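J.: Take a look at the letters that make up each chain.
Number of protein chains: 2
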Amino acid sequence: MKKIRIDHNTFIPMPVTLVGTLVDGKPNFMAVGWVSRVNAAPPCIAVSIYKGHYTPVGIEQNSTFSVNFPGTDLLVETDYCGIVSGRKVDKSKIFDLFYGELKTAPMIDQCPLCLECRLVDVHELSTNKLFIGEIVASYTEEKYLTDGQPDYQKMNAMILTMPDNKYRALGAVAGDAWSAGKKMKK
Amino acid sequence: MKKIRIDHNTFIPMPVTLVGTLVDGKPNFMAVGWVSRVNAAPPCIAVSIYKGHYTPVGIEQNSTFSVNFPGTDLLVETDYCGIVSGRKVDKSKIFDLFYGELKTAPMIDQCPLCLECRLVDVHELSTNKLFIGEIVASYTEEKYLTDGQPDYQKMNAMILTMPDNKYRALGAVAGDAWSAGKKMKK
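Chains F and E are the protein sequences, given in the same order. Heads up: take any position in the first sequence, counting from 1, add 3, and you land on this note's numbering. Heads up: take any position in the second sequence, counting from 1, add 3, and you land on this note's numbering.
Think of the hints as simulated: they come from the structure by calculation, not from any bench. Note that this is a predicted model, so its numbers are computed, not measured. One should not assume that every hint holds.
In this list, chains with the same sequence are indistinguishable; a pair is considered to hold if it fits within one copy or across any two.
When the alpha-carbon atoms are kept at most 30 Å apart in a straight line, the in silico DSSO-like pairs for lysine-lysine are as follows [unchecked claim]:
1. K185 x K157
2. K106 x K54
3. K5 x K132
4. K169 x K146
5. K132 x K54
6. K169 x K54
7. K29 x K96
8. K157 x K6
9. K169 x K91
10. K169 x K157
11. K157 x K189
12. K157 x K54
13. K106 x K29
14. K106 x K96
For reference, chain F alone in the conformation it holds in the complex (with noise of 0.2 Å):
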């Protein structure tokens, strides 16, 4: 095959998150898709966010954010909450809200699967501060639930791809993980 070379500012597909955070006082929702996983045991979380936004000021104050994962029926919210900031627009009254055992990460009712950190660590990057926080508690209603466990295609998450600028829905299922690769080994 023959490969070109692009620009190598390149996005990767991301989960559509919204982090919440109190700031001053004030509940407020960024739509942030520059997040992952990154560490096992105690499982962890981090969310990269431009320096120069509102929502950092609120996980700075409280050392707690929240990842919540709205599903396809919150898009235009959750569109509107990457648009506008928190410092020009109160975002506190879009969502029905709750709390949990740290008081100071305000979760959002109607989004599925809503995540509760405890910062934990940050590191600072050239135009972005990595907040690594602690999931200590994770949220969802019965429905969302097979076996038990949180059903992504129940919730309806979303996938953000640039430079297309599209929400996705999660696609069919291609293959099975830590299982289809078996057939490879001697």
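For this one, chain F is given, so just place chain E on it according to the hints.
T.: Below, chain E without anything else, positioned relative to chain F:
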């Protein structure tokens, strides 16, 4: 709605990638889902890998690695690379390889997109190391481009969901990012 608590070791939808390294001079590939962009400029990507794995050895020997995005046609080979360790099995012959400007980050010719990365930072966590690489080059083929940009739909890129352990295709477009939310602006 009625929220319930579930196991806090929650996994989020992940991109399916193969991280390429040279270990003692021999190419090795590992399936990795804990991957995210983490810095805007310069463009950086992070991969989180369990410390005991073989791949960290190669990253630290060369301070380079690659992140390759397989299409669904490489599902079996990808899964195999997630099941067996380079400590026990030679994975250097599974794919046709090529190298870019860094010379020590093996990339997979059969993958529609390959990111060549220079290690710029390591963040050590308790069980995992987060390897932060600057993307110095991105390689694809003309047939995977739309308007000169990578098109993950054309690439048949995969998403991994857990705990159902399914590789999934990208699904139907649910809406437009940086656009759908504008209707909520006053």
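J.: Against which earlier hints does the structure fall short, listed by number upward?
T.: Going through the list in order, the structure violates hints 3, 11 and 12 and respects the others.
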